[in-house]
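Q: Protein chains in written order, with the numbering used here: chain U, 1 to 338; chain P, 1 to 338.
Calculated from the structure, these hints are not laboratory results.
Computed from a predicted structure; not experimentally measured.
This list has only true hints and no planted wrong ones.
No farther apart than 25 Å at their CA atoms in a straight line, the calculated lysine to aspartate or glutamate pairs in the DMTMM-like style are these: (1) Lys209(P) x Asp297(P); (2) Lys36(P) x Glu282(U); (3) Lys293(P) x Glu282(P); (4) Lys182(U) x Glu151(P); (5) Lys36(U) x Asp270(P); (6) Lys336(P) x Asp326(P); (7) Lys182(P) x Glu151(U); (8) Lys209(P) x Glu323(P); (9) Lys35(P) x Asp124(U).
Number of protein chains: 2
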Amino acid sequence: MAQDAQKQPPLVIQEQGSFTVGGTVLTAPGSFDPKKPLTPDGQTFHGDHLYAFYQIPPTPHRYPIVMWHGAGQFSKTWETTPDGREGFQNIFLRRGFSTYVVDQPRRGNAGRSTVEATLKPTPDEQFWFGQFRVGVWPKYFDGVQFDRGAETLNQYFRQMTPNTGPFDINVVSDGVSALFDKIGPGILFTHSQAGGPGWLAAIKNPDVKGIVAFEPGSSFVFPEAEVPSPIVTSFDTIAGAPVPMTDFMALTRIPIIIFYGDSIPAKPSDIPTQDAWRGRLEMARLWRDTVNKHGGDVTLVHLPEIGIHGNTHFPFSDLNNIEIADQVSKFLDDNKLD
Amino acid sequence: MAQDAQKQPPLVIQEQGSFTVGGTVLTAPGSFDPKKPLTPDGQTFHGDHLYAFYQIPPTPHRYPIVMWHGAGQFSKTWETTPDGREGFQNIFLRRGFSTYVVDQPRRGNAGRSTVEATLKPTPDEQFWFGQFRVGVWPKYFDGVQFDRGAETLNQYFRQMTPNTGPFDINVVSDGVSALFDKIGPGILFTHSQAGGPGWLAAIKNPDVKGIVAFEPGSSFVFPEAEVPSPIVTSFDTIAGAPVPMTDFMALTRIPIIIFYGDSIPAKPSDIPTQDAWRGRLEMARLWRDTVNKHGGDVTLVHLPEIGIHGNTHFPFSDLNNIEIADQVSKFLDDNKLD
Numbered sequence: 001m002a003q004d005a006q007k008q009p010p011l012v013i014q015e016q017g018s019f020t021v022g023g024t025v026l027t028a029p030g031s032f033d034p035k036k037p038l039t040p041d042g043q044t045f046h047g048d049h050l051y052a053f054y055q056i057p058p059t060p061h062r063y064p065i066v067m068w069h070g071a072g073q074f075s076k077t078w079e080t081t082p083d084g085r086e087g088f089q090n091i092f093l094r095r096g097f098s099t100y101v102v103d104q105p106r107r108g109n110a111g112r113s114t115v116e117a118t119l120k121p122t123p124d125e126q127f128w129f130g131q132f133r134v135g136v137w138p139k140y141f142d143g144v145q146f147d148r149g150a151e152t153l154n155q156y157f158r159q160m161t162p163n164t165g166p167f168d169i170n171v172v173s174d175g176v177s178a179l180f181d182k183i184g185p186g187i188l189f190t191h192s193q194a195g196g197p198g199w200l201a202a203i204k205n206p207d208v209k210g211i212v213a214f215e216p217g218s219s220f221v222f223p224e225a226e227v228p229s230p231i232v233t234s235f236d237t238i239a240g241a242p243v244p245m246t247d248f249m250a251l252t253r254i255p256i257i258i259f260y261g262d263s264i265p266a267k268p269s270d271i272p273t274q275d276a277w278r279g280r281l282e283m284a285r286l287w288r289d290t291v292n293k294h295g296g297d298v299t300l301v302h303l304p305e306i307g308i309h310g311n312t313h314f315p316f317s318d319l320n321n322i323e324i325a326d327q328v329s330k331f332l333d334d335n336k337l338d
Numbered sequence: 001m002a003q004d005a006q007k008q009p010p011l012v013i014q015e016q017g018s019f020t021v022g023g024t025v026l027t028a029p030g031s032f033d034p035k036k037p038l039t040p041d042g043q044t045f046h047g048d049h050l051y052a053f054y055q056i057p058p059t060p061h062r063y064p065i066v067m068w069h070g071a072g073q074f075s076k077t078w079e080t081t082p083d084g085r086e087g088f089q090n091i092f093l094r095r096g097f098s099t100y101v102v103d104q105p106r107r108g109n110a111g112r113s114t115v116e117a118t119l120k121p122t123p124d125e126q127f128w129f130g131q132f133r134v135g136v137w138p139k140y141f142d143g144v145q146f147d148r149g150a151e152t153l154n155q156y157f158r159q160m161t162p163n164t165g166p167f168d169i170n171v172v173s174d175g176v177s178a179l180f181d182k183i184g185p186g187i188l189f190t191h192s193q194a195g196g197p198g199w200l201a202a203i204k205n206p207d208v209k210g211i212v213a214f215e216p217g218s219s220f221v222f223p224e225a226e227v228p229s230p231i232v233t234s235f236d237t238i239a240g241a242p243v244p245m246t247d248f249m250a251l252t253r254i255p256i257i258i259f260y261g262d263s264i265p266a267k268p269s270d271i272p273t274q275d276a277w278r279g280r281l282e283m284a285r286l287w288r289d290t291v292n293k294h295g296g297d298v299t300l301v302h303l304p305e306i307g308i309h310g311n312t313h314f315p316f317s318d319l320n321n322i323e324i325a326d327q328v329s330k331f332l333d334d335n336k337l338d
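Build the full structure now, drawing on both the sequences and the hints.
A: Here's what the structure looks like:
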């Protein structure tokens, strides 16, 4: 067996498989000549679709869960954790949900991009160790919910994969919206960079019936007249993105919960990977208040405030991910989303 | 439900998950400064690993099956077929095997490459329609085992994904060998471009206990003194690759079966996507004869010769893929690999 066996009952899956959805088609001018098949004339290129792998239990809950990775990540985010335990893919299957783990357009298995890109192997993992709040390299945070074995860190670094085309918030939110068109009403889990396009997907598609956002990044949408002042951190400047009020109001019609983990400084820090999250958490609170002011139902859970300590940027794969899943299940249950 | 429901009993899975294996690490000179996290100094880059998603039934057969995609493809090759039926991932799970579907290094979810690459969206799908022997664009072959619906072709084209670094036969065969080091003895299924590195993986790792090769491409290894004359086609020239006799002999110690589909011309054709396969089949026969001359056990099945007609370059996902799976099961059974 590949991983340490966990004594769990078997997963029972009525149906599993994969498909692509959404995207566009380029067509080269001219006409195709089968005797010159390597010239592009008259040929097509299908790209910018989303890839999904799905599993459906025998008697699933009403709503499936769509799990959308963050920056540099892919479906693996929700699969086996870096230290070899079950991730949210399995945990929510065991809790009776159909799951759709996706690779967004231009990432991972959805690699065919209609826009050219150059991929360079730039060493950057000590940055990610900090940005993902495992610690400040080479030191792990005290009490961090992250296994300190060497192979865990190896798996963690290798669960990244590059963009195969420019990141485009509209292309990726279109992909997820197309997925909801195909599967119907469901719940959206987002992580980090997917937070922002997640709001757009819910604006675009009323089949998004609720959102669980883990550590949304720097992209928050506000009504045009209510965009707050940018927040300056030692990493970057976080600016709200204006959208028409009619679009914004879509976000007031569904329950949303946002989780942030631990080790986010309350005051400005000269460590950029620390300060980045101070600013994001602050912007998230402004966003929550704005949505709720317009009649929305956003809950922001800063985990240490409810006594859950040590979480990184990946609460769903941290050592206490069952406890995090319980928080999510409570939200789903409270909002009749299960 | 995402796909047309097929009335099948549920899949029962004792354990499923994913991991990466193999690969290398680059380290930039200098030392990491947490206050300048976006400069590469002293940072690392883990790349060139293989990604695997695995499923283990409650009482699996002795040997797991590793399924390795071909050129431009990824794990999807073995998952849901373009027309929405079950692929070999599910079929062999149902037959009691543990399955490992992989993305080779520098492809799909194993995207982090230690060598730079530029990805261009070059229209090429009418070429692939021919090269994968669905037909000669825009005409499907008469009797082809491929659904003619528009959405099937859409899914088929979108199940491609680019190399994220240069294709390197040693890097990818090292990745698969590392997988066998991790999981122990097993069976290797290869498709197309994976055929050649598949022979290398078996040379590198005695835990490869048998190979089922679907339409291996142009890369066949021969003893240095026995490399046949290159075969010239209107697509390319196919040359055997020399390896030391001691390496070659590893391939005589395991059972190997090779399948080729239909629509391969017996005589030279001026349609390059047709003629390419005449040459590959001819080289595969020379290779079979050479391995067997040295005491090996290679069976080459040209499917039309046993009365199975209409197969494309993807027999394992063609409309008759259950019939193909039965041929594979017979091979596994005959060779005590199940």
